[in-house]
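J.: Listed here are the chains, written in short residue letters.
4 protein chains.
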Amino acid sequence: MRNLFFMLFALLDAFGLVAQNLNRVTESDVLNQRERHEIRMPHIEGIEIMRCDFHIHTVFSDGYVWPTTRVEEAWYDGLDAIAITDHVEFRPHKNYLPDSLNDVFAIAKPVADYYGILLIKGAEITRSMPPGHINAIFLKDIDALGMDDYMEAIEEAHNQGAYIFWNHPGWKVQQSVTKWWDVHDILVKNGWMQGVEVYNTNEWYPVALEWCLEKNLTYMANSDIHGTISYVFDTKKDPLRPMTLVFVKERGEQALKDALMKGNAVAFFAGKLAGPEVLLRQIFEASVVVGKRFNVIENGDVSIKISNLTDIPFVLEDEEGKNLILAPGTTVIIKVEDYHNKKSLKFKVTNLYYGMNKNLDVEMTF
Amino acid sequence: MRNLFFMLFALLDAFGLVAQNLNRVTESDVLNQRERHEIRMPHIEGIEIMRCDFHIHTVFSDGYVWPTTRVEEAWYDGLDAIAITDHVEFRPHKNYLPDSLNDVFAIAKPVADYYGILLIKGAEITRSMPPGHINAIFLKDIDALGMDDYMEAIEEAHNQGAYIFWNHPGWKVQQSVTKWWDVHDILVKNGWMQGVEVYNTNEWYPVALEWCLEKNLTYMANSDIHGTISYVFDTKKDPLRPMTLVFVKERGEQALKDALMKGNAVAFFAGKLAGPEVLLRQIFEASVVVGKRFNVIENGDVSIKISNLTDIPFVLEDEEGKNLILAPGTTVIIKVEDYHNKKSLKFKVTNLYYGMNKNLDVEMTF
Amino acid sequence: MRNLFFMLFALLDAFGLVAQNLNRVTESDVLNQRERHEIRMPHIEGIEIMRCDFHIHTVFSDGYVWPTTRVEEAWYDGLDAIAITDHVEFRPHKNYLPDSLNDVFAIAKPVADYYGILLIKGAEITRSMPPGHINAIFLKDIDALGMDDYMEAIEEAHNQGAYIFWNHPGWKVQQSVTKWWDVHDILVKNGWMQGVEVYNTNEWYPVALEWCLEKNLTYMANSDIHGTISYVFDTKKDPLRPMTLVFVKERGEQALKDALMKGNAVAFFAGKLAGPEVLLRQIFEASVVVGKRFNVIENGDVSIKISNLTDIPFVLEDEEGKNLILAPGTTVIIKVEDYHNKKSLKFKVTNLYYGMNKNLDVEMTF
Amino acid sequence: MRNLFFMLFALLDAFGLVAQNLNRVTESDVLNQRERHEIRMPHIEGIEIMRCDFHIHTVFSDGYVWPTTRVEEAWYDGLDAIAITDHVEFRPHKNYLPDSLNDVFAIAKPVADYYGILLIKGAEITRSMPPGHINAIFLKDIDALGMDDYMEAIEEAHNQGAYIFWNHPGWKVQQSVTKWWDVHDILVKNGWMQGVEVYNTNEWYPVALEWCLEKNLTYMANSDIHGTISYVFDTKKDPLRPMTLVFVKERGEQALKDALMKGNAVAFFAGKLAGPEVLLRQIFEASVVVGKRFNVIENGDVSIKISNLTDIPFVLEDEEGKNLILAPGTTVIIKVEDYHNKKSLKFKVTNLYYGMNKNLDVEMTF
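Chains as they are written, first to last, in the numbering used here: chain U, 3 to 368; chain P, 3 to 368; chain W, 3 to 368; chain H, 3 to 368.
In case anyone wonders, no lab produced these hints; they're calculated from the structure. Some hints could be false.
In silico EDC-like cross-links for lysine to aspartate or glutamate, where the CA-CA straight-line distance does not exceed 16 Å [said to hold, decoys possible]:
hint, chain 1, residue 1, chain 2, residue 2
1, P, Lys307, W, Glu40
2, W, Lys294, P, Glu252
3, P, Lys239, U, Asp236
4, W, Lys307, P, Glu37
5, H, Lys96, H, Asp145
6, H, Lys294, U, Glu252
7, U, Lys174, P, Glu29
8, W, Lys337, W, Asp303
9, P, Lys111, W, Glu300
10, P, Lys307, W, Asp115
11, U, Lys96, P, Asp105
A quick note: this is a predicted structure, and the numbers were derived from the prediction, not measured.
Looking at chain U on its own, in the form it has when it is part of the complex:
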């Protein structure tokens, strides 16, 4: 008898019926999932593409979230590395928060280690134009950048071994026309500035692409996030938050820094890529594949599958100016007439830029 009773209640309990009816019901399905959504990148032989955001703020300057939250956001959003870059000089919450910006890194580091996110120590040197706002990352001591003379601050960052870049050069608050100043020539000449944001938040600056070409600067796109990332970018849909794609042989802080110094990076923003032509071509060729099987329709016409294996969209324009959109992870079909006498298809990739009006040209041979 007792066994049967036991068996009865054990069964009910096993099916959670006891708990359900009396004490506690956990609605696991009402919470957002806590996993990381991987951003599919092309597989390029011998290359790792690191997905990075190098311009991020927290409550310690004029942001609104705690440093550890920036690491969690990066994890959910599929990033590999971030730099938190609070303003050295602009600290609206300073009545509540301490002076040292080195604390920011110390607070976020253990969480970054847990998630395997590479956390870079950085800061934003904040001045009117020129030179505007300058980010320095891979710093040793942020508090040492507090001097009045911005040249001294930038030199100090350089002496700490920083990679240095110009933020939102065309920010309308600072200049209505996206203009390059003499001081930027000096910074480049001194080796005190190696990159520039061609995209920031939701704005981009086509002229800045020309600067990258002429002055050999690294193309960058960053979020410059101050509030909650998902209230600015919908991190579950396209376009993704802005990011800088850095090409390294092997993942690691030194490799990341070397690649940025060498210009081995592509800005990924608003469904567009901007970077060196050679890198754009590597990305395109490893992302887009023409289907093996051609389906013969009639009299030498065939339909051909073109697939995009990545989360980078590609917008192709054919020689008649017709558009072909390769959305992330999708396949489209095109009809090729007189297949036997046609050996290739030529396209301009209108969302891939290496210069102001310079798009990547591609050819698909078969």
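Got chain U sorted already, so can you dock chains P, W and H onto it with the hints?
T.: Chains P, W and H only, in chain U's frame:
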């Protein structure tokens, strides 16, 4: 001539072509929209339903966002009033942030005024079980609650005129079974506790519904949010974040407090409502309408439209146990056989609770 | 003993565990919901707005779904009335399907009655330009329109009491420029054509708005759907499928026809409205409300809530050219400086058109 | 002068402004995208996994769409092969459509060739229980199956070289308990039945998994779609429409048939897999990868990344009964305590079944 040139460039400029090609392109569509999504409530004659969350944390205790962000989240999520209730005693960031919790309210208030969100001053008195965690809202001076004896702290809150409630009574960290303790009887007897969370984060406690009935406590559901709201609740889909729906004659802080003291509130969580039977009936009858036009099918059968005008889902079970789901803002069709001899339809509303296993029964007459 | 066993299995059965483990598991949540998503329209005193699509095809001409499916699509998509308008002359499936197009109406009618969708009998008279494709709805006998001379066919439709309109006047297959022909003047003069599609599928024709003004034609937008509606329009997101909003005193077939004949209709497409200025103003004023409570910020500035109660988006442009988007069912906040000396706000509603470049101007007084 | 005017209008035209203002505006973004969403499958050396649906209806029996639409749906939904299987005997539209079901295949084949979808000729032999509904695919002449005696019909299908399976064995309309009948033994003994649907539409039959084990039948899941696929399954979200995953060396009709005959298939439905244990293990091991880098936290604890490369979800239960969900294309982090003394992790995969209550057990070694 000059006029024509002028006209030409004026035109180009008007269409944004100058800007586009040279300086700056603003991708307005990449940002999430910044508007408030209204949560549709039923229109009940002479009643305003306030959508509230009375359990929220910030960086000042163990949360991860700045106080003003909580107001913005409330705005986007369609709430009318919130209480920020940081822990008086548990302050993991205290090396970085000041002692006074009154600052939290001072920081958030101007932003709340801008958005028209009613901000209530509150705090969480944090103890092991019993009595567990106790929220006090409508406080004057949070810092005055810092005494060691929790009874003294609760009395102080009461003396400040606070509305006081028991948080997550069945939180498994504190007790495996959702148990009521003698001390809670004392709190109720003293008039030092008027409500209880029947739902917190993603957990609810059916037994607590019985306490509300027996001890005349106010039914509440709150988010107890610590991180970014949208990383816990997907604020653009159902179910919405947990909230307490408070019934007032006219919106305002005093009216809100009086209604809570009187128990004129319904917990809204995980697609369910829990509250006094009379309020559940008011909500149902003002939310669900039977379509005017009946469509005759044949031999006395008709099809009838039933519409849900609100963002509250209703799950109906008919007398044969068949389910009928009325999703937010939708209409369903049902077939009524032998319409002339049938004068009404009876349903149990299985997602509306006034007690542990007590669902609202409704009848639709026509 | 036997009782206990019985009790045990009765219990298991009650909780569906027997069924679950042995026979059958129904995954109710894997299916799309079958309910109707209501499209929120403004409440205008004494007016009912009928949501209609008057240009739809089935397998009986060159479409791909069965007539009853068109009724179900209309139900899910929140429409009130549809006309199925298969081509009289173009019947690619005629080897498989019968000659009479009157069958189409007969097949769909019982399902329309069940759902309470008003089904209008119609057809498309299909000719090259001029006059292009002409829809006739409220027909009695479609098969009687089969004559070679299109004028005779249109006259026959007129004699059957049809409301007649010109489809996709700027369809590039028929004419590269959206041109009005003499024959259309004759049709209008004879009273054989009362409306025109200013929008079809995903194309619109701003010049046609001027024709509506000059020639007193009814503004229309229709889907011209051939395949599955949800493979062309994502019926769960904005913009909704194209539709014609018809203003009637009371719902019904005769009232609908009269309203169309009188021009009491507005085309709703791609997040835009096109129709008579007076109707656009009625819609705007009943859709957009300025919040009662103004929130004083400081020195005479206030923040004001503006809400859109409907599923029609409104894009406002203020006097400085700044945009304000009122998305469906949302509220935005604007700051009004020097409130005491400002008595109203003026906007141009850039997505509401009564003519080619003629947008509705509105003023919000307070 | 004339040049300037020309230049002016050429420019305007180049930017599409002429067209925009006068004739035609194409709203390309209002239409759903027409591309195929690839379903990510694991890469198993020497194996191709074909995504198939072998139970589909059209207007020619009791379905509601034209045969070609079934091919387009398969294309969008990421399938590789389908069989259209209209009822031989049940033809509610027969007043409108011809007798021959061979037409169905003839109509759909050219569209299948264009899209590269493998189209299999099939039919449903429709009887009460026993034997219930029987699908025969890889047929030559469907019309030859019209005899009264179902045994004769099944034998004819067999003689045409068909692969034959039992549909929805537990369909409640036919039997309340999912029961196996003597006639099914005869069919198996004769080699006239090689598979069974363990899942159909939104129902599955755990007992049928045992039949697959005992009687060596092929596990299958099919949609049995009659209406529009996207009104039954939301083809843009999980779970995907039901499908049968067939393991072949090389894609092709004969290879597909052989694999089905041999039982090299797995049913994929409602976020679950059901199939032979060996195939489930191949899928799991090729889908789930443990991250290379382990992040040391402290005293021998590490955090480990586990990624799911596919669109198949995996629900793991560890030895303490805790769940770990690996959603499609996502990565989760787990903490491994005392890493140095732990060499592996053991899980039960609770959504992968090879029998009624038999889940795949897996071990992750490192």
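J.: State the violated hints by number, sorted upward, taking the hints as numbered earlier in the document.
T.: No hint contradicted; all consistent.
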